[in-house]
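Can you make the complete structure from the sequences, with help from the hints?
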Amino acid sequence: MIVELTLNGSPARLEVPAHWTLLRMLRDAAGRTDAKHGCGEGVCGACAVLVDDVAVNSCSLLAPQVDGASVETVAGLAREGEMHPLQEAMLGSGGVQCGFCTPGMVISAVEAIRLGAAGSDEEIRHSLAGNLCRCTGYGKIVAAVAAHRDGSAAAGGFAGAAPGGADRTEAGGEGAAPAPGVGIGP
Amino acid sequence: MYPRPFEYVRPHTTADALEAIGAVDREARPIAGGQSLVPMMSLGLATPDLLVDLAELPLAGFERANGTVKLGALTRHRELERSAELAELLPLASAAARYIGNPRVRNRGTLGGSLSHADPASELGAVALTYGGFAVIEGAEGERSVAIRDFFQGFFATAVGPGELLTRIELELPPPGTGHGFYEVANRADDFATAAATALVTVDDSGACTEARLALAGVGDRPLRLERVEEMCRADGLEQDALERIGEAVIETVEPEGDPFTSADYRARAAGACAARALGSAWRRARGEHR
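Keeping their order, the protein sequence lines are chains C and L.
The first sequence begins at 3 in the working numbering and counts up one residue at a time.
The second sequence begins at 35 in the working numbering and counts up one residue at a time.
Rather than coming from a laboratory, the hints here were simulated on the basis of the structure.
This structure is a prediction, so every number in the text was calculated from the model and none was measured.
No incorrect hints appear here.
Over the 12 Å line for every Cβ pair with chain L, so calculated as not near, a few chain C residues:
#: 1; residue: S12
#: 2; residue: G78
#: 3; residue: E90
#: 4; residue: G141
To spell it out: a stretch of chain C is covered by chain L in this simulated footprint if at least three of its residues, at any positions, have a beta carbon under 8 Å from a beta carbon of chain L; those stretches are:
#: 5; region: 19-25
#: 6; region: 58-65
#: 7; region: 102-115
#: 8; region: 128-135
Here are some chain L residues the structure puts well away from chain C; computed CB gaps all over 10 Å:
#: 9; residue: E53
#: 10; residue: E61
#: 11; residue: A181
#: 12; residue: E261
#: 13; residue: T287
#: 14; residue: E323
Ideal Cβ placement from N, Cα and C applies to all residues, glycine included.
Written out as C-alpha cells, the structure is:
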C-alpha cells in the first residue's frame with residue numbers, strides 16, 4: 003500500500019506492505035536508521051519518534067496508521083546542521099555512551115519538556131520510563147534533560163554530571179501531580 | 035520480530051467496523067492504540083488475518099451525565115492522566131493512569147483497548163471496578179449494557195463477544211465526601227504491576243467511614259473487588275491499627291499465582307501493602323487531611 007506522510011518536514015510517499023510497522027517503514031523504506039530497532043515489542047524506547055508531535059514507540063505502530071501524519075525522527079530535530087539544544091546537552095553532560103538509546107531518549111525528553119513534565123529529576127525519570135539505557139546509566143541523561151530545561155546546553159561535562167542515578171525500583175502512589183490544563187486530543 | 039502479513043482496513047463508521055470484525059471466514063481483530071496488540075503480533079502471540087483500525091470512529095472523549103461520566107472507548111490513557119477536568123471528575127482514574135506502561139504507551143493506548151484486552155494486571159480494570167457502572171457493547175444486533183462487575187470474565191476474557199465492540203463505559207460518580215487512593219508495586223517503573231490497589235472511601239460529616247471500595251489488580255485472573263475488606267473498613271474505620279488488620283485480611287484473601295520473578299507469597303504481601311496504603315490515602319483525602 004501507499005503511505006503518504008510528512009517525514010522530518012518533507013512530504014514522503016512510501017510503498018510498503020500493510021503489515022509493516024512504522025519502525026520497519028522508517029528504516030527499510032525511508033532509510034531513516036536513526037530510529038533504532040531494539041526490542042521490537044514496545045519495552046525499550048529506542049525506536050521512539052514523534053507522530054503529530056506525540057512521542058510513540060514506532061515498533062508498536064503499523065505503517066498504515068501514520069498515513070497522513072507528520073513523523074519526526076531524532077534527525078529531524080536538527081536545524082540547518084545545528085543539533086537540537088537537548089542533543090548538545092546530552093553531549094555536554096556525558097549522557098551518551100554507545101548511543102543506541104539516545105535517539106529515543108531525546109525524543110521522549112523533547113516531548114516531556116514541551117508538556118512541562120520535566121520540572122524535577124523525579125518528573126524527568128517518570129517521563130523517561132520505558133527508555134532503557136544499558137551503558138552510561140541514567141544519572142547523566144537526567145542531568146542533560148535538566149540542563150536543557152534550565153537553558154544551559156552543558157552541565158559541566160562528565161565531572162559536572164549529577165551523582166547517583168541508579169535504577170529505581172518503582173513502588174509508589176499517586177506521586178507528583180501532572181501539570182494542570184495540558185491535554186492531548188484524541 | 036515483525037508481525038505476520040494481514041489485511042488492513044480503516045472504516046469510518048461503527049456499522050462498517052462491526053461488519054468487518056464480524057467476518058466469519060477469517061480472524062478479524064479490532065485495533066485501537068495497538069499498544070498490546072502490535073507487540074503481541076510482533077511476538078507471534080496474535081496472528082489476525084484482518085485488522086480493523088478503529089481510529090476514525092467517533093468514540094473518543096468524555097462527558098458528565100446523570101451522576102456518571104461517559105468515557106468513549108478511544109479515550110487515550112494520556113488524556114486520563116493529563117486532563118484537568120477528568121482529574122477533577124475521576125481522580126482515581128487519573129492517579130492510576132500514570133502507572134500504565136510508559137509515556138509512549140500512554141500516548142497511544144486507549145481505555146477501551148485496555149479493558150477489552152483484560153490483562154489481569156491492568157490498572158484501569160481495577161479503576162472501573164472500583165467506580166462501578168456499565169460497559170456499553172455494540173454488535174450487529176445493536177447496543178447492550180453490561181454491569182462492570184460482570185464485564186471481566188477471566189484471564190484476558192470479557193463480556194465482549196465475537197463481532198462486538200466495547201464502545202464506551204459509564205462510571206458512577208461517587209458521592210461528596212469521597213476520597214481516592216492508588217498504590218502500585220512493580221519490579222521496574224514501567225513494568226506490569228506485581229500488585230496494585232484502587233480505593234474510594236466516603237465519610238460522613240463526623241469523619242466516619244460510610245462506604246469503602248477496594249479493588250486489586252495483578253493478583254487474580256481478573257481485577258477483584260474485596261467486599262469483605264470493604265465491610266471491615268465500614269465497621270472498624272481506617273486508622274493505622276485497622277489498616278494493619280486490613281492488610282493482613284487481604285493477604286489471607288487473595289490467591290495469586292507466582293512467576294519466576296515474583297513468588298505467590300510476595301505478590302500477596304504486596305497486595306496487602308497496596309490495599310492498606312490505597313485505603314489509607316483515600317481515607318485521609320476524604321477527611322480533608324491531604325489532597
